[in-house]
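Novice: Please take these sequences and the hints and turn them into a complete structure.
Line order of the protein sequences matches chains A and B. Those letters in the first sequence? Residues 345 to 779, per this note's numbering, in order. Those letters in the second sequence? Residues 345 to 779, per this note's numbering, in order.
If you're looking for bench data, these hints aren't it; they were derived computationally from the structure. There's no promise every hint is true.
Heads up, the list lumps identical chains together, so a pair's fine if it works in one copy or across two of them.
[To be verified] With a Cα cut of at most 20 Å, we get these calculated EDC-like pairs of lysine to aspartate or glutamate:
no., residue 1, residue 2
1, Lys637, Glu659
2, Lys598, Glu492
3, Lys475, Glu412
4, Lys496, Glu601
5, Lys429, Asp762
6, Lys598, Glu714
7, Lys561, Asp522
8, Lys363, Glu722
9, Lys675, Asp647
10, Lys778, Asp465
2 protein chains.
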Amino acid sequence: METKEVIYTNTEEIRKRGKKFENKTVSIRGWVWNKRSSGKIRFLIVRDGKGFIQCVIDNPLLYDIFDECTQESTCEVQGILKEDKRSPIGFEILTSNIKLIHKTINYPITPKEHGIDFLLDHRHLWIRSRKQFAILRIRHSVKNFIREYLNKEGFIEFDSPIFTPSACEGTTTLFEVDYFGDKMYLSQSGQLYQEAGALAFEKVYCFGPTFRAEKSKTRRHLIEFWMVEPEVAFATLDDIIQIAENMIFYVIQKVLESNSYELSILERNLDDLRKIVPPFYRITYTEAVELLKSKGFDFNFGDDFGATEETAISESFDKPVVITHYPKSIKPFYMKIDPENPNFVLNMDILAPEGYGEIVGGSQREDNYEILLQRMKEENIPLEEYNWYLDLRKYGSAVHSGFGLGIERFVAWICKLDHVREAIPFPRMLYRYKP
Amino acid sequence: METKEVIYTNTEEIRKRGKKFENKTVSIRGWVWNKRSSGKIRFLIVRDGKGFIQCVIDNPLLYDIFDECTQESTCEVQGILKEDKRSPIGFEILTSNIKLIHKTINYPITPKEHGIDFLLDHRHLWIRSRKQFAILRIRHSVKNFIREYLNKEGFIEFDSPIFTPSACEGTTTLFEVDYFGDKMYLSQSGQLYQEAGALAFEKVYCFGPTFRAEKSKTRRHLIEFWMVEPEVAFATLDDIIQIAENMIFYVIQKVLESNSYELSILERNLDDLRKIVPPFYRITYTEAVELLKSKGFDFNFGDDFGATEETAISESFDKPVVITHYPKSIKPFYMKIDPENPNFVLNMDILAPEGYGEIVGGSQREDNYEILLQRMKEENIPLEEYNWYLDLRKYGSAVHSGFGLGIERFVAWICKLDHVREAIPFPRMLYRYKP
Numbered sequence: 345m346e347t348k349e350v351i352y353t354n355t356e357e358i359r360k361r362g363k364k365f366e367n368k369t370v371s372i373r374g375w376v377w378n379k380r381s382s383g384k385i386r387f388l389i390v391r392d393g394k395g396f397i398q399c400v401i402d403n404p405l406l407y408d409i410f411d412e413c414t415q416e417s418t419c420e421v422q423g424i425l426k427e428d429k430r431s432p433i434g435f436e437i438l439t440s441n442i443k444l445i446h447k448t449i450n451y452p453i454t455p456k457e458h459g460i461d462f463l464l465d466h467r468h469l470w471i472r473s474r475k476q477f478a479i480l481r482i483r484h485s486v487k488n489f490i491r492e493y494l495n496k497e498g499f500i501e502f503d504s505p506i507f508t509p510s511a512c513e514g515t516t517t518l519f520e521v522d523y524f525g526d527k528m529y530l531s532q533s534g535q536l537y538q539e540a541g542a543l544a545f546e547k548v549y550c551f552g553p554t555f556r557a558e559k560s561k562t563r564r565h566l567i568e569f570w571m572v573e574p575e576v577a578f579a580t581l582d583d584i585i586q587i588a589e590n591m592i593f594y595v596i597q598k599v600l601e602s603n604s605y606e607l608s609i610l611e612r613n614l615d616d617l618r619k620i621v622p623p624f625y626r627i628t629y630t631e632a633v634e635l636l637k638s639k640g641f642d643f644n645f646g647d648d649f650g651a652t653e654e655t656a657i658s659e660s661f662d663k664p665v666v667i668t669h670y671p672k673s674i675k676p677f678y679m680k681i682d683p684e685n686p687n688f689v690l691n692m693d694i695l696a697p698e699g700y701g702e703i704v705g706g707s708q709r710e711d712n713y714e715i716l717l718q719r720m721k722e723e724n725i726p727l728e729e730y731n732w733y734l735d736l737r738k739y740g741s742a743v744h745s746g747f748g749l750g751i752e753r754f755v756a757w758i759c760k761l762d763h764v765r766e767a768i769p770f771p772r773m774l775y776r777y778k779p
Numbered sequence: 345m346e347t348k349e350v351i352y353t354n355t356e357e358i359r360k361r362g363k364k365f366e367n368k369t370v371s372i373r374g375w376v377w378n379k380r381s382s383g384k385i386r387f388l389i390v391r392d393g394k395g396f397i398q399c400v401i402d403n404p405l406l407y408d409i410f411d412e413c414t415q416e417s418t419c420e421v422q423g424i425l426k427e428d429k430r431s432p433i434g435f436e437i438l439t440s441n442i443k444l445i446h447k448t449i450n451y452p453i454t455p456k457e458h459g460i461d462f463l464l465d466h467r468h469l470w471i472r473s474r475k476q477f478a479i480l481r482i483r484h485s486v487k488n489f490i491r492e493y494l495n496k497e498g499f500i501e502f503d504s505p506i507f508t509p510s511a512c513e514g515t516t517t518l519f520e521v522d523y524f525g526d527k528m529y530l531s532q533s534g535q536l537y538q539e540a541g542a543l544a545f546e547k548v549y550c551f552g553p554t555f556r557a558e559k560s561k562t563r564r565h566l567i568e569f570w571m572v573e574p575e576v577a578f579a580t581l582d583d584i585i586q587i588a589e590n591m592i593f594y595v596i597q598k599v600l601e602s603n604s605y606e607l608s609i610l611e612r613n614l615d616d617l618r619k620i621v622p623p624f625y626r627i628t629y630t631e632a633v634e635l636l637k638s639k640g641f642d643f644n645f646g647d648d649f650g651a652t653e654e655t656a657i658s659e660s661f662d663k664p665v666v667i668t669h670y671p672k673s674i675k676p677f678y679m680k681i682d683p684e685n686p687n688f689v690l691n692m693d694i695l696a697p698e699g700y701g702e703i704v705g706g707s708q709r710e711d712n713y714e715i716l717l718q719r720m721k722e723e724n725i726p727l728e729e730y731n732w733y734l735d736l737r738k739y740g741s742a743v744h745s746g747f748g749l750g751i752e753r754f755v756a757w758i759c760k761l762d763h764v765r766e767a768i769p770f771p772r773m774l775y776r777y778k779p
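Specialist: See the structure below:
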């Protein structure tokens, strides 16, 4: 039995609880995504920001308005919700009425193929397409589930500042800002501030935009990207590796549970994601170098891994691999020196499988005042800028560790994208900063 | 009966589920916050980043280590958990063992009063104090509950970029950055990008740092502050006012539920917060001006309200007041003109009570291409920079509205602080950007 009452709903509700509305009159508001005709039947595919639904039109009185409904026109559609087993959302609408809210003329992104520069120039519209829709909804989930995991584990969000008077990872990749006559920089990492936070709140994280003025133009680099950086007092390198593993596991499980619709739009191989169960593989830097050599790489012990090496290493593993104990000479001053071998540090990078490279970098921090001071002097760090940081080892010092995870790389991996630029709403790259 | 097993826990668990551990041996790790002696009994008050607990020492064998435990020394304390009705967390520890992990000498922040400049210079340590602990944990809750509310309502987090090629609210308060030879600005608001997001995802928000190079040095201004900006397709001014009201209500209710410990440290009057129930008061700009005149203000109709006027208006109300329909001349081009009186716009500001002034600003947006173009021309907006924004009215335009809420002002109000500088971990102000 149909009721006369109209249920105002959306495709997410229909996807999740459509059975409740079956054979009832529903109304959705959205935009024409596509349309086609087949004999006497017309089909309008409508997107409402939460999904896509097919609206079937068999009433000739609606043909005129159907013709008016051009791609990306704003509209409201009413009709009976019918089960449709072939539909990705399980239902379609048998249309009884269409209201055209705003008619769109000559929408620039047509179903034909467009070049990447054209699409990036139209990013404000490109985000309406099916694939971008799916990616950016997964990005939302990833950010959300990261925080859910950390909150559950007793972390508090403790924002690091963006304006920083000093540089953490070298000044060549820093953006400079004139701050009322003084020189300031945009943060490349909130870590040092998180260390202050960990000694005040035990478990903290920051989660915000980060800036690197790197002249790299690769599929893994953005100038502006989002990073989550947890930092934990009383945690060793081992502890922090486990936190990172569990966080990655938790997020992927939750995305598998709650984003199956988006993952199916992306045609993502779910088995490759289901495999990502801790513990991940663990090797040392030294073992990674041996692995590279066994693969025929001409690699100098002591050098850092580049994208090619990372890809080669990660291809040997079907789930993420944690590489620990890098040479001290290629790592920053704040990493704790391995007490068993002072040429190495207690750090870790996590490489994602499927060639996505480094998604996590972290370490146990040097918590001894004298050793830290010594290292800072060796590396000509301007001590007066870091007095506050040294204070953390003078007053209530404790073993502590942390890591950073880059969101766009993580999302690119989960969605299996070719380039991180699609993993953020408005990418900023070397020659790309509009719209 | 005591058990020999040691339960490793923390003060948050003890506060919430301490009954489970009562009369059992617990162990907590943290830092000495304060200490005192009374006859043969010693008291160590330990903070562990999640709260404060009193550890009672009556065993003379522990006197020596008690003496070693200076303020902010890192330590581990074991003992029997005993109920203590006078304690804010309901329990104390009858100490059986103390391990000194790191001894702190001459901690700079002593229980005596310090000047604000000294405290801000030591912000990396000041965050360990009781009041700052309470404020920053409430900040965490506020951010969290805002997202919880928006997610529940079907919003997705859609990050606006920080690097923006054009200015939304005038260039005088923008920070400029040299972007590989081009001139870019730090975002003052993610709104325009959220509008693109709303037409793609229906309900979106961004939640990130925002930058205003304002030379104001007031208790309500920060150079770098966090703002949440929801934007909703198909929403009118009325709809968005309701969303803002409900969000504020939700967050305050949840903070009252889950942060009673922190609110009691701050000695916050809870009744003043419990009163904040929607609907809030609503008046128009015109009515607000009449109110000011009735209070003896010499105020020009058509001017914007400053801090003094905002305080005077909000003092007339015991919960927030929503002021709508400001003169078009003092508001930005993107606000929709009131169809009933074209000298006014469909906007709203929400003023918090207790003198906290504006915490929300929002509006219905101009969704008509021709009218928006006309207004942009009148105001000499560089059209070539905003073509993408105009596109949103050409392709699939829809009524839409949004608002921004400044987190530090909201937190300052909830915590009843004198100055927003304490509502963020590392405040950036006109003459303050360290540490």
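Novice: Compare the structure with each hint and give your call.
Specialist: Hint check:
1. In this assembly of identical chains, Lys637 and Glu659 lie within 20 Å of each other by CA distance solely inside one copy; the values are 14 Å within and 74 Å between copies.
2. In this assembly of identical chains, the alpha carbons of Lys598 and Glu492 lie at most 20 Å apart whether taken from the same copy (10 Å) or from different copies (16 Å).
3. For a Cα distance limit of 20 Å, the shortest separation of Lys475 from Glu412 qualifies neither inside one copy, at 26 Å, nor across copies, at 62 Å.
4. Both within a single protomer and between protomers do Lys496 and Glu601 lie at most 20 Å apart by alpha-carbon distance, with minima of 18 Å and 17 Å respectively.
5. With identical chains, the CA atoms of Lys429 and Asp762 are never at most 20 Å apart, being 32 Å at best within one copy and 60 Å at best between copies.
6. Neither within a single protomer nor between protomers do Lys598 and Glu714 lie at most 20 Å apart by alpha-carbon distance, with minima of 44 Å and 45 Å respectively.
7. When the C-alpha separation of Lys561 and Asp522 is checked against a cutoff of 20 Å, the pair qualifies only between copies, where the shortest distance is 18 Å, while the shortest distance within a copy is 27 Å.
8. When the C-alpha separation of Lys363 and Glu722 is checked against a cutoff of 20 Å, the pair qualifies neither within a copy, at 68 Å, nor between copies, at 52 Å.
9. For a Cα distance limit of 20 Å, the shortest separation of Lys675 from Asp647 inside one copy, 11 Å, qualifies, whereas the shortest one across copies, 57 Å, does not.
10. For the homomeric pair Lys778 and Asp465, the shortest alpha-carbon distance inside one copy (7 Å) is at most 20 Å, but the shortest distance between copies (39 Å) is not.
Comparing the model with each numbered hint stated earlier shows that hints 3, 5, 6, 8 do not hold.
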